[in-house]
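Asker: The chain contents come next:
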Amino acid sequence: MSTISEPMTAGGTRAARPARRRRLISPGLLAALPVIVFLLLAFAAPLLAVLGYSFMPEKTFELTQAPTLENYLSVFSNSYYLSFGKSLGLALVTVLLLMVISWPIAYGMAKLFGRAANFLTLAIIIPLFVSENIRLFGWVLFLIKGGVLLGGLKAWLGIDGESMLYDVPAIVLGLVYVYLPFALFPMVLGISMVPREVTEAAFDMGATRWQVFREVELPLAMPGILIGGLLTFILSLGSLAESKILGGQAVIMIADEIETAFTFGQNWPLGAALSVLLILFSGTLVLTLLNWIDLDKILGRGKGSE
Amino acid sequence: MTERQKKKVTHGLIVTWTAALLVFLYLPILCVALASFSKARYFRFPIPRYDTGWYEKAFESLTVRDLMGTSLSIALLVALISVVLAFFGALAFARFDWRGRRIYQRLVLLPIFFPQAVLGLALLIWFSTVGIIPDWRTAVIAHLVWIVPIVTLVISIQAYSFDPALEEAAFDLGATRWQTLKEVTLPVLWPGVVSGALFAFLLSWGNFPLSLFTTGADQTVPEWLYAKMVSGYTPLVPTLGALTTAGAAGVLLVGYLSWVFMRRAQGR
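In order, the protein sequence lines correspond to chains Z and U. Count the first sequence with this note's numbering and you get residues 13 to 318, in order. Count the second sequence with this note's numbering and you get residues 3 to 270, in order.
Note that these hints are calculated values from the structure, not bench results. The beta carbon of each residue, even a glycine, is placed where N, CA and C say it ideally should be. Watch out, some of these pointers could steer you wrong.
[What the hints assert, rightly or not] Chain Z residues, not near chain U, derived (Cβ > 10 Å throughout):
hint, residue
1, L94
2, A213
3, V224
[Unchecked claim] No farther apart than 30 Å at their CA atoms in a straight line, the calculated lysine-lysine pairs in the DSSO-like style are these:
hint, chain 1, residue 1, chain 2, residue 2
4, Z, K98, U, K230
5, Z, K123, U, K10
6, U, K230, Z, K166
7, Z, K123, Z, K309
8, U, K230, U, K59
9, Z, K123, U, K9
10, Z, K157, U, K59
All chains should be built: construct the whole structure from the sequences, respecting the hints.
Answerer: Printed below as a string of structure tokens:
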């Protein structure tokens, strides 16, 4: 295995002590067992149930009927692909905006700010612990007619404005707001992997700022950028609260359709089929991503290099 | 412009942009705090009259007490259970070298990336399939599915910096596996465990999409807030929002102070 980092190889020396180590299950598996059992029961099993329901006839609440494909057919024959398309589009726009917004900040945190970067990290993490609902509601208060923005403009400058609430831009704002840290931090990691000597060498050889960015920094920081991009893409794709609280009913996201099918629609098999499609799509992306990055290196290096 | 001037300008722009980000991040939270001190039934800005009346109402309200109680019970249980599971999970993730490790690392992280609303619904139909009636305890399970992997990750980061030679030495001196765990491994990983517990508590306290489908007849604070935002708005929404935010900030501060304290104690 090529992914083993240094502490692991050091641990390998213990193999020289066969008497104590000969056990039926390795200590690693033993330690992993509680988590594995829990996730099998509370994560894998529910997903299997969803998969099972997706093949049940319409509006059944048990898994004992003869399997059918009608739910998948109705997903494709009804307008559900529209919600899927809109969710994909919104997620894509969100990710692109996040990349552009995050780059200068990530660059600053990795290369310019020095010790202040630690405080900045803390300041960016803290809002994550405030319920997403409350933060989005804060945006409602800010944007709503007579709210902080429009009310303030009118009272102090005499300008009347239209509220941007309950429309697509408000949803994108919410998504960008909520997922920014998840794009930013992997990007900081990515940029901090660009060696200073390399950029300096490029400058010394007469490269312009733009050339250095495009030819040196961007490619070297790409792993971090891609991780953040995919992560935020998947999270935005499955989001629910942003479109509900900020978007009114302007856009029905795919998670919204799933919820409606399960609750008001009382059609579990349909909701299950939609879920399976969403899970397959984002699951493939996540597994590709996780397979591609070296977790030991990314997680283990944080301490060693500082 | 010379190179140096150019660099200065770029630096200035980046600092300004970062400052704007901080404003952007805290703006909505400030808006909620502001609205919580308004006397009016419906929020208008500039606020005509400031008042703390809604806070008094919130403290007197039995509903609020119930909601807080439910949220607190869930968050405390989640923090406790997730730290125990994730402690061993992190040892398997970062410390031990074993055959299934690579696959385990990837599978354990999957729930973090999973759309939470869909996960909540999946758990809802799973509970109904096996005949469990959802209440706040099923929400604990739902939160754990998402939070155990996160805490595992947090403790793993600590475990990566762990020097296996320490355990080696303990073994060589004749300690049993259990003694080594208690006297060597746990103290070394303690900071990770504490921050993991803190993460778990706060993430559970603020969670909405998982609770929405898994609490049954019980209700957490974020659920209630959402219900009232959508229909039946009351000025208690910003007030309770500000209160839970203040609560989370308090927990975070205590956690930070104890971390500083611990580092000092370890340093000596």
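Asker: Under the constraints set out in the numbered hints, which ones does this structure not fulfil?
Answerer: none
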